[in-house]
Amino acid sequence: MNYFSPEMSLQEVNQISILGLAHIGDGVYELLTRTMLCAQGHSAVRELHKLTVSYVNAPAQARAIQKIMDELDSDELSLYKRGRNARVNSVPQNADVSEYHAATGLEALFGWLYLQGKRERINELFSLIMKE
Numbered sequence: 008m009n010y011f012s013p014e015m016s017l018q019e020v021n022q023i024s025i026l027g028l029a030h031i032g033d034g035v036y037e038l039l040t041r042t043m044l045c046a047q048g049h050s051a052v053r054e055l056h057k058l059t060v061s062y063v064n065a066p067a068q069a070r071a072i073q074k075i076m077d078e079l080d081s082d083e084l085s086l087y088k089r090g091r092n093a094r095v096n097s098v099p100q101n102a103d104v105s106e107y108h109a110a111t112g113l114e115a116l117f118g119w120l121y122l123q124g125k126r127e128r129i130n131e132l133f134s135l136i137m138k139e
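For what it's worth, the numbering used here labels the leading residue of the sequence shown as 8, then goes sequentially.
Be a bit skeptical, because a hint or two may be false.
What the hints assert, rightly or not - Within a straight-line C-alpha distance of at most 30 angstroms, the following computed DSSO-like cross-link-like pairs (lysine-lysine) qualify:
#, residue 1, residue 2
1, Lys88, Lys138
2, Lys125, Lys74
3, Lys57, Lys74
Claimed, not checked - Here are the simulated distance ranges between beta carbons:
#, residue 1, residue 2, range
4, Cys45, Gln100, 37 to 47 angstroms
5, Gln18, Asn101, 28 to 38 angstroms
6, Ala93, Gln73, 17 to 27 angstroms
7, Gly124, Glu78, 17 to 27 angstroms
8, Arg70, Gln100, 12 to 22 angstroms
9, Ser24, Glu139, 14 to 24 angstroms
10, Phe11, Leu55, 32 to 42 angstroms
11, Asp77, Val52, 34 to 44 angstroms
12, Asn130, Val60, 19 to 29 angstroms
13, Asp80, Ser24, 35 to 45 angstroms
14, Gly27, Glu127, 19 to 29 angstroms
15, Gly48, Leu84, 11 to 21 angstroms
Derived from the structure by calculation, the hints contain no laboratory data. Every residue gets a Cβ at the ideal spot worked out from N, C-alpha and C, and that includes glycine.
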């Protein structure tokens, strides 16, 4: 398996726990955000970190999923809901429970798409999220 650029079958991806998918999706979402910020010309490390954190946190991700909810197909929506409803052990202080669950669902969706090699779909959804 190529771990750098995986392309797993749906059956293989569905064998990964929903929180495992969210863990992967968290990294994917953060990398997309960092890439976007650098492409926009931001270069100061402190500024990059502060901007990244402003996009990659539970409240921001809860708002992000609302922007794309109507664009999700039935499989994506189902996966998002599985992630949203996953039982988590703790919630960060900067988020309420519903925001954290919504963020977990978004991250699970991005992890699920990434592992299937659906880069075009990831870019489409991320672009909709970042559209002001």
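Here's how the hints hold up against the structure:
1. For a cut-off of 30 angstroms, the pair hint linking Lys88 to Lys138 stands: about 23 angstroms separates their Cα positions.
2. Taking the CA atoms of Lys125 and Lys74, the gap is about 20 angstroms. The hint holds against a cut of 30 angstroms.
3. A hinted pair counts as satisfied when its Cα atoms are at most 30 angstroms apart, and Lys57 with Lys74 qualifies at roughly 22 angstroms.
4. Checked against the hint of 37 to 47 angstroms, the pair Cys45 and Gln100 fails, with Cβ atoms roughly 29 angstroms apart.
5. Distance hint for Gln18 and Asn101: a CB-CB separation of about 37 angstroms, consistent with the stated range 28 to 38 angstroms.
6. Between Ala93 and Gln73, the C-beta spacing of about 19 angstroms keeps the proposed range 17 to 27 angstroms intact.
7. Range check, Gly124 to Glu78: Cβ separation about 20 angstroms, and the 17 to 27 angstroms hint holds.
8. The beta-carbon spacing between Arg70 and Gln100, approximately 18 angstroms, falls within the hinted interval of 12 to 22 angstroms.
9. Remark: the range hint 14 to 24 angstroms for Ser24 to Glu139 is contradicted by a beta-carbon distance near 34 angstroms.
10. Taking 32 to 42 angstroms as the suggested C-beta distance range, the pair Phe11 and Leu55 does not conform, at roughly 23 angstroms.
11. Here the CB-CB span from Asp77 to Val52 is close to 37 angstroms, well matched to the stated 34 to 44 angstroms.
12. A beta carbon spacing of about 22 angstroms between Asn130 and Val60 agrees with the range 19 to 29 angstroms that was offered as a hint.
13. Range check, Asp80 to Ser24: about 22 angstroms between beta-carbon atoms, so the 35 to 45 angstroms window is missed.
14. For Gly27 paired with Glu127, a C-beta distance near 23 angstroms keeps the hint of 19 to 29 angstroms intact.
15. At about 35 angstroms, the beta-carbon gap between Gly48 and Leu84 misses the expected band of 11 to 21 angstroms.
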